[in-house]
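Student: If you want the building blocks of each chain, they are given just below.
There are 2 protein chains.
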Amino acid sequence: MPVPKGSSLDPDRTRAAVLRTAEGILYARGLDGVGIAELCAEAGISKETLYRHFGSKDGLVRAVLEARSDRVTRWLARAAEDAGDEPAAQLAAVFDAIGVWFDEPGFRGCAIVNAATQHHTAPASTIAARHLGRHLDLLTAIATRAGAANPAALGRQLLLLLEGAIVVADHREGPGTANDARDAALALLHHATRRRTDR
Amino acid sequence: MPVPKGSSLDPDRTRAAVLRTAEGILYARGLDGVGIAELCAEAGISKETLYRHFGSKDGLVRAVLEARSDRVTRWLARAAEDAGDEPAAQLAAVFDAIGVWFDEPGFRGCAIVNAATQHHTAPASTIAARHLGRHLDLLTAIATRAGAANPAALGRQLLLLLEGAIVVADHREGPGTANDARDAALALLHHATRRRTDR
DNA sequence: TCCTGATCGAACCGGTCGGTTCTATCTAAG
DNA sequence: CTTAGATAGAACCGACCGGTTCGATCAGGA
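Residue numbers (full-length UniProt numbering), protein chains in the order written: chain A, 1 to 199; chain B, 1 to 199.
Don't take every hint at face value.
No distinction is drawn between identical chains; accordingly, a pair holds when it is met within one copy or between any pair of copies.
In silico SDA-like cross-links for lysine to any residue, where the CA-CA straight-line distance does not exceed 20 angstroms [claimed, not checked]: (1) LYS57 <-> GLU81; (2) LYS47 <-> GLU23; (3) LYS47 <-> ASP82; (4) LYS57 <-> GLY30; (5) LYS57 <-> ASP12; (6) LYS47 <-> THR144; (7) LYS57 <-> GLY174.
These are computed hints drawn from the structure, not numbers from a lab.
Working from the sequences, and respecting the hints, build out all of it.
Tutor: Spelled out as structure tokens, the structure:
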């Protein structure tokens, strides 16, 4: 038996389920590649219910992107944590994690960056800027713990590798992109933490 | 006096002008952000003329992206050539060139990659893969001339920096992105060409 | 028991889309 | 001069869009 017409058993559960469904479809087909009618049908709710929950398609997109950014950020931070206390190991773990992601079926690049590319305006662009900032924070923290001479600069360089790897993995063949990024990241880390007397 | 109704003075000129106009609008507003009616109006041609020249909106997009890829590729290669014979100087020149590009008003990231992100299908994705391959060729050539131990690997790493810089410059504030990429690129070059005995 | 509110399903709205076709008109070649 | 081809401009097509509204239906609380 499908869903009856009356009140849902749990509004928060419904909302979360809608977000999860919409996230998958919007990621796979793009922000403009799917209409709200189809999103509602896939999520099993009516347009009126979606409208009350999210106000508009833009509101739904905003909620989806924010949830996704939160989850990705936690996922990367967790990957670093689980790699132990060595900064170099943490950095390698981050790039190994995205390597696994690249190989997953349906990989289409970073959903938040893609959204900002499609709608170069709020809310997507705002969320994307914050999303990159979160990645930068993680990488800069690793650079700091590694004792880099200029942790902020190294963090920004590592961010370039992270985002570049996602773009290249999305638009080019070849499974080695994450490994290339990891090698480059470790080389930069090594370079930035090298003692002056080693030169 | 606008354009009369009869045959154009030069079909090739007209086609090139349409491509130039369409490229600017499609880059600024996105593939789905503008209809062919507006493109025709801006280019000063009728829909029927555009249809005969390009067959469809997809055909127009393909022609625009191919022209853009050709031009960008020549522009980067020229930047490297003009920097002299030193591989390190050529590499720095490439990233300095994109730094100038980042600061131009209306910068919106790489038009080809953006298009492939919006329409994750042919022709955009095909052209994007080839576009990245062209960049890779240029960077690998520099790595080879620099005497890198593994020029192919270094080229791929440099490509990550190039594409990452474009993405970060597009979606984050701050004017130093190209400099960060250049510094990282030179560090990687240095690392890859370092003699074993220097370690 | 009887409301109140949430929900579905469907119809509807104005607008835009890519694409097609028609006619009047102009140019350039024969 | 004649004619074949290219063009502008406009109407038109079916489809889809995001968003709104309405009635029927159902659950849970008073």
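Student: If a hint holds in the structure, say so; if it doesn't, say that too.
Tutor: Hints, verified against the model:
no. : hint             : verdict
1   : LYS57 <-> GLU81  : neither (36 angstroms within a copy, 48 angstroms between copies)
2   : LYS47 <-> GLU23  : within (17 angstroms within a copy, 37 angstroms between copies)
3   : LYS47 <-> ASP82  : neither (42 angstroms within a copy, 58 angstroms between copies)
4   : LYS57 <-> GLY30  : both (13 angstroms within a copy, 19 angstroms between copies)
5   : LYS57 <-> ASP12  : within (19 angstroms within a copy, 43 angstroms between copies)
6   : LYS47 <-> THR144 : neither (49 angstroms within a copy, 58 angstroms between copies)
7   : LYS57 <-> GLY174 : neither (36 angstroms within a copy, 30 angstroms between copies)
Checked against the numbered hints given earlier, the structure breaks hints 1, 3, 6, 7 and satisfies all the rest.
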